[in-house]
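Enquirer: Spelled out from the first residue to the last, the chains are:
Protein chains: 4
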Amino acid sequence: MTHTNGFLYPRTQSGASSLIPSPPWFYSGDLLTVEYRTDPAKVKALLPAPLELAPEDPGAVALIWADWQSCSTDRHELLDPVLSQYKETFAVVRCSFQGVTYSRCVFIWVDKDFAIGRGLHQGYPKKLGSMWQTRPHPFAQAAPQIAPGGVFGATLAAADRRLAEAVVTLREESDTNGFVNGHPMAHHRVFPDIAGRGDAYAELISSGAKSFSGGQAWSGDADLRLFESPSEELASLSVDEVIGGYFRQVGVEWDGGTTLAHLSEAGL
Amino acid sequence: MTHTNGFLYPRTQSGASSLIPSPPWFYSGDLLTVEYRTDPAKVKALLPAPLELAPEDPGAVALIWADWQSCSTDRHELLDPVLSQYKETFAVVRCSFQGVTYSRCVFIWVDKDFAIGRGLHQGYPKKLGSMWQTRPHPFAQAAPQIAPGGVFGATLAAADRRLAEAVVTLREESDTNGFVNGHPMAHHRVFPDIAGRGDAYAELISSGAKSFSGGQAWSGDADLRLFESPSEELASLSVDEVIGGYFRQVGVEWDGGTTLAHLSEAGL
Amino acid sequence: MTHTNGFLYPRTQSGASSLIPSPPWFYSGDLLTVEYRTDPAKVKALLPAPLELAPEDPGAVALIWADWQSCSTDRHELLDPVLSQYKETFAVVRCSFQGVTYSRCVFIWVDKDFAIGRGLHQGYPKKLGSMWQTRPHPFAQAAPQIAPGGVFGATLAAADRRLAEAVVTLREESDTNGFVNGHPMAHHRVFPDIAGRGDAYAELISSGAKSFSGGQAWSGDADLRLFESPSEELASLSVDEVIGGYFRQVGVEWDGGTTLAHLSEAGL
Amino acid sequence: MTHTNGFLYPRTQSGASSLIPSPPWFYSGDLLTVEYRTDPAKVKALLPAPLELAPEDPGAVALIWADWQSCSTDRHELLDPVLSQYKETFAVVRCSFQGVTYSRCVFIWVDKDFAIGRGLHQGYPKKLGSMWQTRPHPFAQAAPQIAPGGVFGATLAAADRRLAEAVVTLREESDTNGFVNGHPMAHHRVFPDIAGRGDAYAELISSGAKSFSGGQAWSGDADLRLFESPSEELASLSVDEVIGGYFRQVGVEWDGGTTLAHLSEAGL
Numbered sequence: 001m002t003h004t005n006g007f008l009y010p011r012t013q014s015g016a017s018s019l020i021p022s023p024p025w026f027y028s029g030d031l032l033t034v035e036y037r038t039d040p041a042k043v044k045a046l047l048p049a050p051l052e053l054a055p056e057d058p059g060a061v062a063l064i065w066a067d068w069q070s071c072s073t074d075r076h077e078l079l080d081p082v083l084s085q086y087k088e089t090f091a092v093v094r095c096s097f098q099g100v101t102y103s104r105c106v107f108i109w110v111d112k113d114f115a116i117g118r119g120l121h122q123g124y125p126k127k128l129g130s131m132w133q134t135r136p137h138p139f140a141q142a143a144p145q146i147a148p149g150g151v152f153g154a155t156l157a158a159a160d161r162r163l164a165e166a167v168v169t170l171r172e173e174s175d176t177n178g179f180v181n182g183h184p185m186a187h188h189r190v191f192p193d194i195a196g197r198g199d200a201y202a203e204l205i206s207s208g209a210k211s212f213s214g215g216q217a218w219s220g221d222a223d224l225r226l227f228e229s230p231s232e233e234l235a236s237l238s239v240d241e242v243i244g245g246y247f248r249q250v251g252v253e254w255d256g257g258t259t260l261a262h263l264s265e266a267g268l
Numbered sequence: 001m002t003h004t005n006g007f008l009y010p011r012t013q014s015g016a017s018s019l020i021p022s023p024p025w026f027y028s029g030d031l032l033t034v035e036y037r038t039d040p041a042k043v044k045a046l047l048p049a050p051l052e053l054a055p056e057d058p059g060a061v062a063l064i065w066a067d068w069q070s071c072s073t074d075r076h077e078l079l080d081p082v083l084s085q086y087k088e089t090f091a092v093v094r095c096s097f098q099g100v101t102y103s104r105c106v107f108i109w110v111d112k113d114f115a116i117g118r119g120l121h122q123g124y125p126k127k128l129g130s131m132w133q134t135r136p137h138p139f140a141q142a143a144p145q146i147a148p149g150g151v152f153g154a155t156l157a158a159a160d161r162r163l164a165e166a167v168v169t170l171r172e173e174s175d176t177n178g179f180v181n182g183h184p185m186a187h188h189r190v191f192p193d194i195a196g197r198g199d200a201y202a203e204l205i206s207s208g209a210k211s212f213s214g215g216q217a218w219s220g221d222a223d224l225r226l227f228e229s230p231s232e233e234l235a236s237l238s239v240d241e242v243i244g245g246y247f248r249q250v251g252v253e254w255d256g257g258t259t260l261a262h263l264s265e266a267g268l
Numbered sequence: 001m002t003h004t005n006g007f008l009y010p011r012t013q014s015g016a017s018s019l020i021p022s023p024p025w026f027y028s029g030d031l032l033t034v035e036y037r038t039d040p041a042k043v044k045a046l047l048p049a050p051l052e053l054a055p056e057d058p059g060a061v062a063l064i065w066a067d068w069q070s071c072s073t074d075r076h077e078l079l080d081p082v083l084s085q086y087k088e089t090f091a092v093v094r095c096s097f098q099g100v101t102y103s104r105c106v107f108i109w110v111d112k113d114f115a116i117g118r119g120l121h122q123g124y125p126k127k128l129g130s131m132w133q134t135r136p137h138p139f140a141q142a143a144p145q146i147a148p149g150g151v152f153g154a155t156l157a158a159a160d161r162r163l164a165e166a167v168v169t170l171r172e173e174s175d176t177n178g179f180v181n182g183h184p185m186a187h188h189r190v191f192p193d194i195a196g197r198g199d200a201y202a203e204l205i206s207s208g209a210k211s212f213s214g215g216q217a218w219s220g221d222a223d224l225r226l227f228e229s230p231s232e233e234l235a236s237l238s239v240d241e242v243i244g245g246y247f248r249q250v251g252v253e254w255d256g257g258t259t260l261a262h263l264s265e266a267g268l
Numbered sequence: 001m002t003h004t005n006g007f008l009y010p011r012t013q014s015g016a017s018s019l020i021p022s023p024p025w026f027y028s029g030d031l032l033t034v035e036y037r038t039d040p041a042k043v044k045a046l047l048p049a050p051l052e053l054a055p056e057d058p059g060a061v062a063l064i065w066a067d068w069q070s071c072s073t074d075r076h077e078l079l080d081p082v083l084s085q086y087k088e089t090f091a092v093v094r095c096s097f098q099g100v101t102y103s104r105c106v107f108i109w110v111d112k113d114f115a116i117g118r119g120l121h122q123g124y125p126k127k128l129g130s131m132w133q134t135r136p137h138p139f140a141q142a143a144p145q146i147a148p149g150g151v152f153g154a155t156l157a158a159a160d161r162r163l164a165e166a167v168v169t170l171r172e173e174s175d176t177n178g179f180v181n182g183h184p185m186a187h188h189r190v191f192p193d194i195a196g197r198g199d200a201y202a203e204l205i206s207s208g209a210k211s212f213s214g215g216q217a218w219s220g221d222a223d224l225r226l227f228e229s230p231s232e233e234l235a236s237l238s239v240d241e242v243i244g245g246y247f248r249q250v251g252v253e254w255d256g257g258t259t260l261a262h263l264s265e266a267g268l
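Residue numbers (the numbering used here), protein chains in the order written: chain A, 1 to 268; chain B, 1 to 268; chain C, 1 to 268; chain D, 1 to 268.
Bound-form chain A, shown alone:
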């Protein structure tokens, strides 16, 4: 009988056409972040059992735009960059499980299929969207500088509706680019049963970067607007108070995670 290879699908003898390669996965990119506070009850509504609200600042949310280049170990994607570059926007909250505080991505949109595939594996609930963030550039004719006064815009749309708009004005160097996305991630991974009886497989996993490099972080003023859509729920995390805006360039390696809990369907 045939033995097939490939990390996800389609699986073939060579494994060459799998939607995603085997980890580790490598990323270089720019992060534009707006952190704000919403009603903690709105965060709690997005934390299925067995998760609870984080003990401190439980209503804190980070909405993050990321402009990525990514690759696998042999870096072949970098020479055919349609397979390497993608953008994403994601909302992160914090939660608690067995006394430990985790970050958790509750909504995320990307613009490539391989990014959807990686999210499927990592528990990021990825849908397609269209997202744009101003890029810094050494020449200022049509670009901000990574410096005081640098102004960056960012937008998100899905299903032909605009969901979010942000403007961040850099003010000063910062120790961090926010705190909400600073913990290991706690994500549900779910696979519905083919016969319709709940989930065939469900677990709570944790993962984070295997290694991380970050440039100087910058903080500044931020303006953020969220818009309603019948097919999206980002606006349910309404903006009560902006904490701040951040910009940082980073390099990341990701290489798997660990199962925190196997979940019965009823628990979800």
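One or more of the hints may lead you astray.
To be verified - Sample of chain D residues facing chain A (criterion: CB under 8 Å; computed from the structure):
#1 27
#2 137
#3 141
#4 167
Said to hold, decoys possible - Derived CB-CB ranges, DEER-like:
#5 D:56 <-> C:49: 49 to 55 Å
#6 A:151 <-> C:195: 30 to 36 Å
#7 D:5 <-> C:195: 14 to 20 Å
#8 B:149 <-> D:57: 49 to 55 Å
#9 A:15 <-> D:235: 31 to 37 Å
#10 A:75 <-> B:240: 32 to 38 Å
What the hints assert, rightly or not - Here are the simulated EDC-like cross-link-like pairs (lysine to aspartate or glutamate), alpha carbons at most 20 Å apart as the crow flies:
#11 B:42 <-> B:57
#12 B:42 <-> B:241
#13 D:44 <-> D:56
#14 D:210 <-> C:193
#15 B:210 <-> A:193
#16 C:210 <-> D:193
#17 A:210 <-> B:193
It is worth saying that the hints were derived from the structure and are not from the lab.
Cβ atoms here follow ideal geometry from the backbone N, Cα and C, with glycine treated the same way.
Based on the hints, put chains B, C and D in the right spot on chain A.
Expert: Relative to chain A, chains B, C and D alone:
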């Protein structure tokens, strides 16, 4: 604790933003099919254990373009058709499991994220692509008729490379629009382990239409060309002999399937 | 010296890569129309000299979604349908020039570059957008029928913002699919001067279909919502009173127009 | 009567929705260039009268990938970057007119409508395409550095066919990023007659950057492959000998050009 809803992800209290709604799913669309024979060894290479080659005409392949409108039970997607319309191209072979012949989709490309989500559930190995097929129209100024001599073109691209081109010229009414895609589907559903130890979940499932309506099928001449790509393997199913081309308009309801076998990771 | 060919650009010896081929151009497609009345002053604001408001019902507007297949004389585009199929949404008003009533497209969005090129020639002010309209289909699983009670949705977005949403419910057969788009078109064609001194070329032209075939038109109820965008002005034609919704399948041949007036830059 | 504003179209009283704003236009971006030699007869075939081959190295071609951010004077596009960022790939040759050597863009593909609009004005023969070029990034996890050994890939597709692939490996600092695109541009601007009698307007114009800032240029090895397409003619400029590969970050201001010659239709 919070109980969340939603068929796939993201799961929320309302479930309104799940990438895909709960089945049943409904489809209306046009199918353009080219059937051909390749070396059965090339089909066998795409049939992981416990599948075997079909006993009759084991090298038969169907490459199918479909132009779909789809919706869930409440049909709300039809009023916001960015959520309803999608196109796909897929390669189907036949296989045998425990003495029964099944159809099996070995490669498939779609152009919407909800279609990827449905494929994840159904075991279709979906990636994003760009596919086009000539549409029939009552007015012939720029359209073929569903009639003898009607000529339909179709193309498929992924990752900015063209993968397939077909031309089908209708000749006569036909009892079927091919035989390769005529059995229940036997698909692997796989979910890699977060820690990298093979699959956390893997099964062989079977599913098919709960109900099906089909218009008059047409058969005719077909020309098909497949092109190499380093990130795709459709061309591995090289065209030895064209069987025929087909056109048919159909309506389908899909409402789940059944598990045929739970699979150990080693078996994949 | 070299003589180059090609209707628009790039011009080469073969002319094979011109963005658009020479007319005549042929179209088969489905039109979904909502007609309504706005304040005539809002129409007048979009009628540059030498145009004036139409004498009757001067505030009437048609917002039309069209799902097209198109080709040139040799019909080669139909076999490579990425070059043939496109969608568009356009707003039409009426106007008067030298005592004759014309239709005039004041805003239009399309989803292909060749459609932009044709609009440049015909005076349609085309930008890229994303537009969707429900398709009828013989099988009702996920499609309306062209019949009483058939419900069609339509949406338009540009620059990642939704600009318009419509729902049309067919009620009965109709003599027409509206009256606003029923006259020859009067369009400005403008080409700004490379040195920045107004227009290098500007004219008012008229054109219409060289031949037209239309199926049975249907009329019905319509709901229409327009949304603001900083980069678009469709919402300036605010909806005061809906006249009706329409559906019709048509076939069209277009083969050029005539100059009505050469315009000085000051007149624009 | 109404006076409308807007640089191109649609023209309205505010001018806010014009596809492109009035110049000057500002650009910040990264250029990846491959220069090579083809048979000069193939260049000559793309130089309509009154242009002639450049006297020196007449078969030299530059194929350039550019990753741009752009804006108008008020820089509003930078805060809504879907209106600001675009990519392009273009082929440049040199030519001679009245004893002066010019650069000339003979083929170009972009990925935004506003870029098509600007090309219409500047005489760049722009079509839509999909182009990707590897980005440098301060963190090397998934990015080359702008340094010896930095490897950059680039691809171009149009109409779902791949047209070009390049790989450039940086070797050393360079005085220039090539010589083919180093002259003022000589472009035809053509506007076909609405009645089909040749061009209503045609001229040869010249334009170049009003101001230019460039970072350190790098040169290196380059590999370039061009692919045939029935709807494109880039491959007609076949690669006989690669001259070199280049990378440079630049900032540019463009503010119009001058007419070199008014052209009769017969002369084109």
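Enquirer: Okay, which hints does this one fail, numbers in order?
Expert: The structure breaks none of the hints.
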